Every structure is written in structure tokens, then in C-alpha cells.
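Here the protein sequences line up with chains S and E, keeping their order. Using my numbering, the first residue of the first sequence is number 1, and each one after it goes up by one. Using my numbering, the first residue of the second sequence is number 1, and each one after it goes up by one.
Note that these hints are calculated values from the structure, not bench results. Every clue listed holds true.
In silico lysine-lysine, DSSO-like type, Cα no more than 30 angstroms apart, as pairs:
1) E:162 - S:513
2) S:456 - E:63
3) S:450 - E:63
4) E:63 - S:196
Pair by pair, the computed Cβ-Cβ distance ranges are:
5) S:130 - E:63: 21 to 31 angstroms
6) S:355 - E:90: 48 to 58 angstroms
7) E:32 - S:166: 37 to 47 angstroms
8) S:92 - E:44: 25 to 35 angstroms
9) E:34 - S:279: 32 to 42 angstroms
Nothing here was measured: the structure is a model prediction, and the numbers come from that model. We treat Cβ as the ideally placed atom computed from N, Cα and C, and that holds for glycine.
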Amino acid sequence: METRRKNAARPLARLLTATFTLAACLALGAPALHAQPAQDTLRIRLNADIRSTDPGINRDANTDAVVSHIVEGLVAFREDTTVGPLLAQSVTTSPDGLTYTFALRPGLRFHNGAPLTADDVVFSWHRYMTPANNWRCLSEFDGRGQAKVLKVEAKDPLTVVYTLDRPSALFLETLARPDCGGAGVYHRSSVGPDGKWREPVGTGPFKLAEWKRGQYIDLVRNPDYAALPGKRDGNTGNKTAEVARVRFVVIPDVAASKAALLSGGVDLIFDVEDNDLPEYRRHPELVMQSMPTMSLNGLLFQTRDPLLKDVRIRRALALTLDVPEMVDALTEGTAQPNRSVIPRASPFYGRAQSGMPGRDIAAARKLLAEAGYRGQTIKILATKRYNSLFDMAVLTQAMASEAGLKVDVEVLDWATMLDRYNRGDYQAMAFTYSARLDASLSYEMIIGPKDRQPRKVWDTPEAIRLLGNSMNTTDRAQRQAMFDSLDARLLEDVPAVFFYSEMRTSAARDYVKGYKGWPMGQPRAWGVSLARR
Amino acid sequence: MSSSFLLYLLRRALWTVPTLLLVAVLVFVLMRLIPGDPAQLILGDAGTAEQLADLRAQFGLDKPILVQFGLWLSHMASGDFGHSLSSGEAVLPLLLERFQVSAAIVLVAVGAATLLAVPAGLFAAWKQNSLTDTVIVAGATFFLSIPSFWLGLLLLLFVGLKLGWVPVVGYVTFSQDWRAAASYLVLPVITLTLIEMGVLTRMARSSAIETLRLEYVTHARAKGLSELRVLLRHVLPNAFAPTWTLIGLVLGNLLGGIAVLETVFTLPGLGRLLVDAIFARDYPVVQGCLLFTAGIYVLVNLVVDLFYPLFDPRVATS
Numbered sequence: 001m002e003t004r005r006k007n008a009a010r011p012l013a014r015l016l017t018a019t020f021t022l023a024a025c026l027a028l029g030a031p032a033l034h035a036q037p038a039q040d041t042l043r044i045r046l047n048a049d050i051r052s053t054d055p056g057i058n059r060d061a062n063t064d065a066v067v068s069h070i071v072e073g074l075v076a077f078r079e080d081t082t083v084g085p086l087l088a089q090s091v092t093t094s095p096d097g098l099t100y101t102f103a104l105r106p107g108l109r110f111h112n113g114a115p116l117t118a119d120d121v122v123f124s125w126h127r128y129m130t131p132a133n134n135w136r137c138l139s140e141f142d143g144r145g146q147a148k149v150l151k152v153e154a155k156d157p158l159t160v161v162y163t164l165d166r167p168s169a170l171f172l173e174t175l176a177r178p179d180c181g182g183a184g185v186y187h188r189s190s191v192g193p194d195g196k197w198r199e200p201v202g203t204g205p206f207k208l209a210e211w212k213r214g215q216y217i218d219l220v221r222n223p224d225y226a227a228l229p230g231k232r233d234g235n236t237g238n239k240t241a242e243v244a245r246v247r248f249v250v251i252p253d254v255a256a257s258k259a260a261l262l263s264g265g266v267d268l269i270f271d272v273e274d275n276d277l278p279e280y281r282r283h284p285e286l287v288m289q290s291m292p293t294m295s296l297n298g299l300l301f302q303t304r305d306p307l308l309k310d311v312r313i314r315r316a317l318a319l320t321l322d323v324p325e326m327v328d329a330l331t332e333g334t335a336q337p338n339r340s341v342i343p344r345a346s347p348f349y350g351r352a353q354s355g356m357p358g359r360d361i362a363a364a365r366k367l368l369a370e371a372g373y374r375g376q377t378i379k380i381l382a383t384k385r386y387n388s389l390f391d392m393a394v395l396t397q398a399m400a401s402e403a404g405l406k407v408d409v410e411v412l413d414w415a416t417m418l419d420r421y422n423r424g425d426y427q428a429m430a431f432t433y434s435a436r437l438d439a440s441l442s443y444e445m446i447i448g449p450k451d452r453q454p455r456k457v458w459d460t461p462e463a464i465r466l467l468g469n470s471m472n473t474t475d476r477a478q479r480q481a482m483f484d485s486l487d488a489r490l491l492e493d494v495p496a497v498f499f500y501s502e503m504r505t506s507a508a509r510d511y512v513k514g515y516k517g518w519p520m521g522q523p524r525a526w527g528v529s530l531a532r533r
Numbered sequence: 001m002s003s004s005f006l007l008y009l010l011r012r013a014l015w016t017v018p019t020l021l022l023v024a025v026l027v028f029v030l031m032r033l034i035p036g037d038p039a040q041l042i043l044g045d046a047g048t049a050e051q052l053a054d055l056r057a058q059f060g061l062d063k064p065i066l067v068q069f070g071l072w073l074s075h076m077a078s079g080d081f082g083h084s085l086s087s088g089e090a091v092l093p094l095l096l097e098r099f100q101v102s103a104a105i106v107l108v109a110v111g112a113a114t115l116l117a118v119p120a121g122l123f124a125a126w127k128q129n130s131l132t133d134t135v136i137v138a139g140a141t142f143f144l145s146i147p148s149f150w151l152g153l154l155l156l157l158f159v160g161l162k163l164g165w166v167p168v169v170g171y172v173t174f175s176q177d178w179r180a181a182a183s184y185l186v187l188p189v190i191t192l193t194l195i196e197m198g199v200l201t202r203m204a205r206s207s208a209i210e211t212l213r214l215e216y217v218t219h220a221r222a223k224g225l226s227e228l229r230v231l232l233r234h235v236l237p238n239a240f241a242p243t244w245t246l247i248g249l250v251l252g253n254l255l256g257g258i259a260v261l262e263t264v265f266t267l268p269g270l271g272r273l274l275v276d277a278i279f280a281r282d283y284p285v286v287q288g289c290l291l292f293t294a295g296i297y298v299l300v301n302l303v304v305d306l307f308y309p310l311f312d313p314r315v316a317t318s
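Hey, can you work out the whole structure from these sequences and the hints?
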């Protein structure tokens, strides 16, 4: 018995030894995350991993940002959100607006050394237009959207011609859209013999070196990159890579990313949370920069809701809101209020868009009395994925209560909220729209027939008509008049109350030189250099 | 190995089948009950109804639920965990890769916690109701009460940022650079060790107190054995059995992923994979993760049960 007890103490030690041995073996075989970067590596934090490297296909904003460093399209958005040539040297539109002729820049080469030709443009286009590939913007060009692309031809090695079935004011804009992958042109070796995507072989300033899923994406400088002359300009202009390597490091946790930046674990966070700004500002070794983006945050109303279908209730709620005060609180004073759907950074943002109805509690009470409001609850859906949306809902609740409106806030996760948004299943919702780089597209996100597209917010026939006209007219003055009219009606109908376009604030270590945000909000590693001490 | 032992092993292994089947059904049904659609998340706020339908069809989400379940189950039975809807990656290799990261941290932390907690618990029990006992119990309760993310963040900010002793983000393998690997792992391991030490210390202490009251311990002392000998040879083996059961449960829980710590320390582990997949409604990954985790849980507890007779010979006899 004594011997058995004596022996019984030994398994504990053995087990612990085995445990540590097993752990060591696992650690030896586990995947690497962040090997020490070289001095000339720019490390940029991403809040989530990219979804793929296939431009415009299985994408999100992070994916678009990374892929835009590797693959380029014929045209791209400039800093001022107009469209300019990128791979194209020039774009010529026929007088009837049905034919677009793109002359390619001579001497361009893919990352594998192959020359870029019109055939590559046609190859990439056909892949985009193959329904099975689920290109994000397929419906914009296959007849379901603005104009159908009837054919794309390579006239000669450096000339591509697109033929449309009708004129479209948005054809080039849609080609340039980052969420469409900028209709990026890639070499056919990007795709395997089975038609499946392998990896991007593009013409961009950086090449894909390694993608360690969930961990990092490494890009290396393309030494043969043929940059446009001049300055960096949005997604076009001079895109010369100054650093030898870029590492997009996936750090989901906000606090961890802050610690990483402060300790030098990353060099740049391009999307600092507004409520973290005061803390970042206390660090002299960080350079902060804020830039208005084209995204839009606001409060959507379901105009078919039994209570909110009464425009007087919607107007009353809008009248209770002190929008400038709210925006100041929500963004730590970085953003300016905007009640229009058109972002301030848009060239179509003018006097008509800058109207800012004031807060008027008495008028709100009067409207509520006229509408026979009896204290029914209005429920606002919000999410904590974006803190500003939750705060927006809470501030609305507080301000509306002053006029006697009873508002509840229900918090959902982003997936559920998106589901409810798409089904139109809400009374009110604090929502954020991703950037739209044309005023028609900004309006298109809210206007449409609810019967066929329940996610649409505003479905009056006049709004739908004006939107349609703005998309088919290429005359700028006419378009501006239409947008002005839409903005006036938006304030009357109040299908939504928009507050502001998000400010994108970046924080970089002081040795990061040349980084600059832009209205799309995506990070750009070209034109950025490192001057580490 | 006796035939009865093999029979026991076989019986336990067979019991895992209905358990895992039940888990599979629950996981599948629960995921489908949660609102939200992976296709919708991929398309975002600008996807049209046509695009949504196309993507749903591509993912097979347009098929009836029972057909989807049947297909998934039949694939699982052949070892095919499917592909991630978000990234297109095969799920099983992804799980195994991420599991290695979580397991390395968990095994070291639980091993270290055991090494520290068992002697501490034993000592506290031996010194029951003394100042030493109070300090140990208070310390254990303190660490037990702290949320792991908070402790992790504190360590991250103080040790990583303020003192600059270790990097705050990153991970490399020991085979690449053992010094760097150790520096990346030290904070998550310390965090987890401290948290788990609290639970184990309390369990070890209470078990040891029970054992110390038994007559054979009094007999051993009466024989003139030293206190150290009494504790190590007579108290520890008996007191360790319940702690061993707890270790099994803790390991089973933690090996399923330490999502919070993995997020705080930016480690590419199983827990973070699961959380990301839930937010993305990536059904194959979530289902694969949970089934894998359930399998690990069952396996760990089976191993714990098999080792149990080493600490308590009565179990082997029965």
C-alpha cells in the first residue's frame, strides 16, 4: 500500500512534463504571425482580415484597400472624387455617349513582367461579367443597372472600346468604384486553369508577397512600376512606392491596436475611433490627421410603419434634434454636420445641401399634437460594432424625450442589423452607409421602390423620377439642379435624418512621412516613406 | 492492457458519437436561428436582391434547411469540414492551424497554473486559518474575480507598453526564433496562468483540507513521519484527484479557444477564428469550430478519466 502511494505522486510530475513538452511541440509547429519587420517596412493596422485578393469579388472595405495596392483599373477616383485615367492614357466618349474608347498607357507591365495589352483588359472584363464569379458590380453592367455593356473589344494592343446600350452618367464612376475592385486589370496567370482565382498579378505599385490569413498581408514594392507623373491623387496620380515593404497587420482589438502603435508594433492606424482621439493627442510621437470621407451616418425611418408613416411624426422627431451639437459630441469635434445625402467632400455639395434646420421643440410638440401622438414607443435599432451609431441612437432618445417622444434603443449585432435593414424590418435605425463617390449613387442608396427593394428608405414617385434622370443625364448643371431639388424634398419628407460624413482620423508614428487620408477613407501606402531614427 | 480496460475505452469512444451528433444538430440549428445572412454581410449595404440571391445560391443557402444539414453531415462524416464562406479556405486545416496556437498557450498556462496552484493550495490547507492561508485564498479569489481581458490589457499596457519588456502584438514560432516566440507568448501565458491558478488553488486547498482530516493522515503523523513527508506522500495524491478532474474541465474549456485573450494579444487562435466566424455568419467555420471544440472536450475528459486511476487506485479497482 505504501509503495503504491509513493508511486502515485510521480504521475503528476510526469503529466506536467508531458504537458509542457506537448505545448512546446505545438508552438514549434504553429504558424508564424509577425516576424520582425525590416526597417523599411511600413506596418499598417487593419481591424479585420481581408476576405480575398480577387478584386471586387468576395470583398469588403479592407479587401478593397489592400487590393488597390496591387491591381489597377483603366480609371480611378481622384482626390476630389472625380474620375481620372490610371491604366488608360486617355478616355474618349462618342457624341452619343454609347462608346468609350480607352487608349492604354504604353510600356506598362504586370508584376510577372508581361506587357499590359488590350487583350488583358478584355480577359479581365469577361471574367468580371461571368455571373458565377459574383462580381460585386455585375448588375451595374449586365442590363439590370444603368447601362448594359454590349461589347468590349481590343481594337489594337493598346486600345479598348466599350459599347453601351444607352448613355450613362455613371459608367466611368462605376468602373472606378473601389468596391467594384476598380474593375482592375490582371494578368491571366492570376486565374488557374480551372478558372479559380489564384493570386493577383497586377500592375500596381506593390506586389503580393504573403497573405497569412487572420494575421497579416505582406506587399513588396514593384520595382518596375510605371508611375503617372505629378502628385498622388486619390487612387490615381503618382503611386510610386517609397517603402520596400508594406505589412497590413490584422489587430481586431482597439485597445491592443492602440498599444501596438504606442509601442512601435505598428506604424500607422488609419481609422482611429473618435472617442480615442483625446488619448492619442496626448502623445507627441504621434502625428494625427483627420480627413472627411464620403460615408454617411444617419437615422433611417420606416415610412410604412403604422406610426412613422405620418410625416408629421417624422418631422417632429427631426425637429427635436440639435444636429450640430450631436455631431460635435459624436465625433469629438472632428466632423461637420451635414443634413444632405451628398457628402461635404462631393463636388455636388453646394448651398442647397448646406441647409441646417434648427432645433425647435415647440414646433415638434405642435406637430405631434396635430398627428395625435399619444406616447407610442419608437424603437431605434443600433449596433455597438460602430460606437457612433449607438451613441447617435442614445442622443436621439435623449433629445426626442424633451418633446415628449418616447424612444427606445435596441442594440443588435451588425449582421442582424444588416438583415433587418435589408428587409426594411425596423421603425428607426441608426445606420452608416459606405462611401458613394457620385451624388446619384449617394441618392441611389436611399431612393427606390420598397416593394421590390425593401432596404430602400425613400420611395416617393418624384424622388424616384429625379434620381433616374440624374443617372441618365451627363450635363453637370442639370444634375446639380436635380440634386438640389432632391435635397429640398428630403427635408420635407424626412424619410431619414442624416447627420454627418465620418471623419477618418489617422494616427502615425512621427517617422512616417507623407501619409495622407482621402475621402474614400482607405489607406494608401504609396507616396509614404519612413525616416526611422 | 486488460480486455476490460479496452472494453471500457471502446464504450467511452462509442458514447462520443451520439454526443457529437447532438452537438452537430444543436450547432446547425442554432446558427440558422440567429438572424443575419453571410451573403448579405459580404454584399454589405449596397447589394441588390439579385446579387443576394446569386450569392446565396452559390453558397448553397437557397436549399431547404434539411437538405443543407444532410449535406453538411454527410461531408463531415467523410472528414470534409467544408470551406469558409468568407475566405474559401478549407475549414479543417484552418481549425488545426489555429488550434496549435491556442493549445500551446493553454497547455503551458494550465501546466504552470497547476505547478503553482497545487503546492499553494496544499500549503494553505496545511496552514488553515492562518495569515498565510488567508493571503493565499485572498490571492486566489482576487485572480479568479478578474476578467481575463482586463488582466491581459493591464499586463499589455504595463509590461509591454510602459516597461517595454515584451512586444505587444505578434507571434512567431519557436522554430523560427525561440526568443521572440517566448516574448510574444509570455503575456498571454501569464494572464491565463494567473486566472486559472485561482480556480485550481481553491480546489486544491479544499481537497487537501478534507484529506488532512482523515484518520490515516493522523496515523502517518503518529508514526513520526515529517510533515513534508505526510503532505507529499499521503495528502497530495489523494487531494489531487478532484483537482485533476477540474484540470480536465478547465483544459476542455480553454482548448476550445481563448477568444478574449487571443483578441487582446492578437493571436491567431481557435477562439478568435470562432468569434470572427460568428460575426461573419460563416456557417461552415462556426459549425466546424464548435464540433471540433466538442470533440476536444470529450477527448480531454476521456484522457482525464483514463489517468484518474493513477491518482485514486479505487477507481481502477471499481
